[in-house]
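Next come the chains, spelled out residue by residue.
There are 2 protein chains.
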Amino acid sequence: MVEVTTPGRRIHLNAFDMTCVAHQSPGLWRHPRDQSHRYKDIDYWTDLAVLLERGRFDALFIADVLGVYDVYQDSALPSIVGADQIPVNDPLMQISAMAAVTRHLGFAITVSSTYEKPYAFARKMSTLDHLSKGRVGWNIVTSYLESAARNLGLDHQVPHDRRYDLADEFLEVCYKLWEYSWDDDAVVRDQAGGVFTRPDGIRPIEHKGTYFEVPGYHLCEPSPQRTPLLFQAGASAPGRAFAAKHAEAIFITGTRPEVLRPKVADIRRRLEDNNRDPRSVKILPLITVITAATDEEAQAKHRDFLHYASYDGALALYGGWSGLDLSGYDPSQPLAYVETEAVRSAVEAFTTADPDRTWTPREIANWVTVGGMGPVLVGGPRKIADELELWADEADVDGFNLAYAITPGTFEDLVEYVVPELQRRRRVRTEYDGATLRENLLGQPRLRDDHPGARYRR
Amino acid sequence: MVEVTTPGRRIHLNAFDMTCVAHQSPGLWRHPRDQSHRYKDIDYWTDLAVLLERGRFDALFIADVLGVYDVYQDSALPSIVGADQIPVNDPLMQISAMAAVTRHLGFAITVSSTYEKPYAFARKMSTLDHLSKGRVGWNIVTSYLESAARNLGLDHQVPHDRRYDLADEFLEVCYKLWEYSWDDDAVVRDQAGGVFTRPDGIRPIEHKGTYFEVPGYHLCEPSPQRTPLLFQAGASAPGRAFAAKHAEAIFITGTRPEVLRPKVADIRRRLEDNNRDPRSVKILPLITVITAATDEEAQAKHRDFLHYASYDGALALYGGWSGLDLSGYDPSQPLAYVETEAVRSAVEAFTTADPDRTWTPREIANWVTVGGMGPVLVGGPRKIADELELWADEADVDGFNLAYAITPGTFEDLVEYVVPELQRRRRVRTEYDGATLRENLLGQPRLRDDHPGARYRR
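Residue numbers (my numbering), protein chains in the order written: chain A, 10 to 467; chain B, 10 to 467.
I should point out that these hints are in silico values taken from the structure, not numbers from a laboratory. The C-beta atom is built at its ideal place from N, Cα and C for all residues, glycine as well. Worth double-checking, as some hints may not be accurate.
[What the hints assert, rightly or not] Quick list of simulated restraints, FRET-style, between CB atoms:
hint: 1; chain 1: B; residue 1: Asp282; chain 2: A; residue 2: Arg464; range: 56 to 64 Å
hint: 2; chain 1: B; residue 1: Arg112; chain 2: A; residue 2: Glu125; range: 29 to 37 Å
hint: 3; chain 1: B; residue 1: Gly337; chain 2: A; residue 2: Arg198; range: 26 to 34 Å
[To be verified] Examples of chain B residues lying across from chain A (beta carbon under 10 Å, computed):
hint: 4; residue: Leu60
hint: 5; residue: Gly91
hint: 6; residue: Ile104
hint: 7; residue: Val196
hint: 8; residue: Ile211
hint: 9; residue: Glu222
The following block holds chain A by itself, in its conformation from the complex (with noise of 0.2 Å):
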C-alpha cells in the first residue's frame, strides 16, 4: 500500500492545565465526572502525564496565578465560593513525578519573572531540565493580578511596559547563566586527577543591568538543554514584541481561524524583523474539544456540561484578564452600546470576531463557561479532526493548547478519538522524533542561532 497524498503539516498538541479547581471552565468542578479538585495528589498528575504520553502530545502547559480574583462584584468571595482558580498550587512541585513515570512529554512551567529572582529561578529550571533529561519549558509571563502584587510586596504592579522591560533584563540574566557560564565539557569528573570541573570550563556572568546585579556562576552544570523552551502568550503590544525577541512557541487566542490569521501574519512578520526564521516559532491557539464517538454523542456531551456552567465564575475570570467588573450590567444588556471605553475594550476580542453583533454579559459569560476566551469545537473524531486541520491551515498555526471542559476526561477522549483520526491522516506524529522537549516541538537540541540567548554562548 502506497501513500499517495502528502499530508499537511505536523500538528503540535499541548495539553493545557493548572493546579487548581476548573481551570477554564468556571463551574464544572459540579460535574459528577470532572477530578480537577485532584489538582493537590500525585496520582492526579503522573495519570495524566502517562496519558498524554500515549496521546503523543508535546507537553503539558500549567498556567498559574499569584493571587486572587477579585475585580468582579470588587470582591474575590465569588471566586473563593465558585473555586474559580482558587485554591490554586505552585506549578513546579508536580514536574518531577510526572516526570519519572514518562521519557517525551515535556512540561511547560508557568513563573512571573516580576517576582522571582534569575538566580534561584534559573536554578530552579536548571534542576528540573536535569531531573527530566531535556523536558522543560519556561512559560514567561509577567503576572496581571494586582492582588498577587500586593501580598508579594509591591505596593501595586509594576507598570505593564516596566514589567517587560524588566522581563527582558531577566531573561539577559538567564541566558549569561544557563548559555555562558559553563562550558558543554566543564565537567569532566576526573576521578585520577581529582578535577570535577575543569576550572577554565566555567565563568562568572559579571551581570550590572537596571534591575539586577548578579556578579557569579551559575549553580548548576549544563543541563540537557540549557535554556528551557521558552513559551510566551502576551497579546498587548509590548508582550508581542517581547514574544517576537524571545518566544520559541507562542500561546495565543481567537475565536475564529479567520480572526487568528492575521495575530499569526504579525507574528511571523515582527520574527523577521527581529531576524529570526519566522517558521522557527511554533504558534499554537487555545482551543477547547468535546468529543465522542459520534456527532450527536459530542452534542450531547457539551450540552450537559453547560448545565454545570457558572455565570459569576465565567466573570469572575474574566473580571481578572480584563480587568473590569460587569456585575454591574444587566446579563441580558447589549454591551456594544454601552458607552464607556472600559467597557468597549472589554469585548473587543469578540467584537473583532464579529464586528456586527453586540455581546451581553450572559454571552460572554457563555462563551468563556467551556475553555476560557478560546473557542470550543465539538464533534465527533472525524468532524473534529477536519475542523482541526482546517484551523491549522486557515489560521497557518503549528498546533494547538487544549484546555478541558472537565478532566482528565477531555483529555482521555482526545486521545481515544481525536489522536488516532490526527494520525491516520499523518498530521500527528505516532512516535517521538527526540528525547528532549526542544527537539520534539522544534527538531532541534538547543536555541536557533537566530535566537538571540545564542549569543551569550562561547
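We have chain A already, so just place chain B on it with the hints.
This is chain B only, laid out in the frame that chain A set:
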C-alpha cells in the same frame, strides 16, 4: 517468649544529603563506589527514598546553599575544581518524585527565609505537603554565604541578628497563612449547592509588619500538616533563641557525647523558658557511620575512604562555615597558638571538645573530610549500635542526622547492618507509627498547643 528488659527511648533516624556532589565528604566523589554525581538524576533520589523507607528512617534531610564556597584561598576555584557543594541544584524539585514511590518517609527541605517571599514560599510548602500527604518538613536557615547575598540582589548579607528578626516575622506570616487563613472544613465541595469553599471558612491575614506586608488569603486549601514540620540548626545565640521558639526538631553538632550533653540541656532549658515541653522537640546530632559485617571490615572501609579525602575540599567547606581562610597556615601548624581571635574561634568547635589539645589545619581537614563537623563512628553492627545507644543516652538526644561518606553506600550499609540491630534492641521502629512526618517523629498531627504557631489557629 517474654521481653523482660525495658528498651531505651526511641532512636529516630534522619538521612542527611544535598542536591550536590559529595555533600559532607569532600573528595570522596573520587571513590569508585560513590554515586553522588547522580544528584541530578531522578532515580538516584527515588532509589534512595525507597531504601530509607525500608530502613524506617523518619526523614531525608536535604541541605542547601545558594552560593559557592569562596573563602579558602579567597577564591571559588578550589571548590569548583573539587566539586565541594558546587554544582548544587535546587532542593525542592525532586521531592514529588520521591513522595510518589514512598508512603511514610518524610522530607526535610532547606529553604532560606532571607531570600524568599513568605506568601509565595508558604504556597510551595503547602503544595508539597498536599502532594506528599503530610510528609514535608522545612529546615529554616537564614543563609551564611556572602556569595549568595551578592547574587540575590543584596550588596552584603543582611546582618546576622537582623536575619533572625526577619526570619521571626517570616514565620509569623507563614503561621497566619498556614494556620489561620483557612478552616479545616472550609472546603465543602458541595456540587449541588455550587459551593466549593465556604466564604465564612476563609479569611485574609491582613499582616502588616516591619519586613512584610501580606493582606490576602493563603492560596492553598489546608494541607494534612498545615505547618510543615519545622527543623532548625542554628548554633549562634540568636539561632538558638530562634530554635527554642519555633523548631520542632533541631540538628546539632558536637564531637563527643559529653560535648553535646550541655548543648542539649541548654536547648531543653530554653524550651522551658518559652513555656514549651522540653521533651516535645527532637534533637538530632550530626554523625557519620561507617559499618560492615565486622569491625575489621568497617575499619578497612574507613581506611579506604580516607585515601580519597581532599585537604583543599575540607578547608574550602570549613572556610564557608567559619568564614576563615586557613590557606595561609602551614598544614601542621598548631592553630590554638596562633594569636588571632578569628583563628581561635575557628577551632573553638574542636577545642571545646578537647581544651588541652591543639589542632592543625591538617587535623581539621582530616576531621571534616568525612562527615563534615560531625564525628565518625566505625565498626560492625553491634559496636555501632552500642555507640549510638551510648550517644543517645549520654547526650540525651532523640536520634541522629546521618551523613554519608559515599552515597548511597553509607545508607545501604546502615540499613543492612545497623538498623536491624537497633530494631532488635527495640530502639528503632519496625513499622511507622502514623501517616504524616509529624505523626511519625512527634506522635501528633499538628503543631502542639504550646507551640507559638498554634496561637494563630481559630
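Quick rundown of the hints versus the structure:
1. The hint said 56 to 64 Å for the Cβ distance between B/Asp282 and A/Arg464, and at roughly 60 Å that hint holds.
2. Range check, B/Arg112 to A/Glu125: Cβ separation about 33 Å, and the 29 to 37 Å hint holds.
3. For the pair B/Gly337 and A/Arg198, the supplied restraint of 26 to 34 Å holds, since their beta-carbon distance comes to about 30 Å.
4. Taken as an interface hint, B/Leu60 does not check out: its beta carbon lies about 16 Å from the nearest beta carbon of chain A, beyond 10 Å.
5. At a threshold of 10 Å, the smallest CB-CB gap from B/Gly91 to chain A is about 6 Å, leaving the interface hint in force.
6. About 7 Å separates the beta-carbon of B/Ile104 from the nearest beta-carbon of chain A, less than 10 Å, and the hint is met.
7. Checking B/Val196 against chain A by beta carbon gives a least distance of about 8 Å; that is within 10 Å, so the hint holds.
8. For B/Ile211, the interface hint holds, the least distance from its beta-carbon to any beta-carbon of chain A being 6 Å, beneath 10 Å.
9. Because the closest C-beta pair between B/Glu222 and chain A is about 7 Å apart, less than 10 Å, the hint holds.
In this structure, the one hint that does not hold is number 4.
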